[in-house]
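Take 1 as the starting number for the sequence shown in the numbering used here and just add one per residue.
You can trust all of the hints, since none of them are fake.
Calculated pairs, SDA-like style, for lysine to any residue (alpha carbon to alpha carbon, straight line, at most 25 Å): (1) K186 to D247; (2) K186 to H150; (3) K139 to H208; (4) K186 to Y207; (5) K139 to L102; (6) K186 to S157; (7) K139 to K186; (8) K139 to L206; (9) K139 to S107; (10) K139 to A69; (11) K139 to T105; (12) K186 to D142.
Rather than coming from a laboratory, the hints here were simulated on the basis of the structure.
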Amino acid sequence: MRRSILASLAASLLAACTPARPPASLPPATASPLPTSTTSPTPAPSPTPTTLACLRRPGQIIVEEYVDADLPRSIPYRVYLPPCYDRQGPAGYPLLVLLHGLLFTDSQWDEIGIDETADGLIRDGAIPPLVIVLPWERKGLDFESAVVDHLVPHIRSTYSGEGSRATTAIGGLSRGAGWALRIGLKHPEVFGAIGLHSPAVLPPDLYHLGGWIDAARSAGVLPALWIDIAERDTSRAGALELAAALDDLDVPYAWSTAPGEHTAAYWSSRLEDYLRWYGSLWSAP
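Make a model of the complete structure from these sequences and hints.
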């Protein structure tokens, strides 16, 4: 893994996007479980049980590039395949799309240790084996369409096997969390869960939040939501404003806070928590 030299620059730029108005009501300052909701993803069976010998070998990160004549540019991405990955197995794998922060690339989640963390949790039986795709938000692309209409179907057909919204989630850190909120709520038929890690949400998206929530709720496909923010994060006020808006809309979500700042060190320290939350939605009851 490599620590990106752009982390501090990204943090300072994001601070400028933080809404100045504090929320009307603040969520609790400790982690809380996601409230039960009939619109949360239905638990799905875990993939085929794996052997101990196979689990001793780590998963792998593959660096790829998706090319489509309908796109103005290719989509560079990394994909994590779990230990004992078997594309021909009888069951598909849950799919997690993780988006990077401002001024970073598809390498960011890899650099903070997402693959090693997933390996350990899968080996311990804490989460089911899953496929994780890390796309690069490349200039010149309609990123929302690139992810939903092109990349997700490609990953499902190439690596993940059969997929449904119940076993598909999207998350992001910093500006990537803002993208995850927008993409996930505009396409709740695709994503059953949305993880917002140190979210930097732009004001226009807060304006549209109610409409997205109402549409998803009316269709019976409101995704499960997670929000976390460090105690000294420069984007904390914005995260609290988002939480207050969700409270006003009576939308359930999991809230978590911990010591730290808007840095790679904080995100790396929370990776287990992130993956355990996603995995809890896919584990067999």
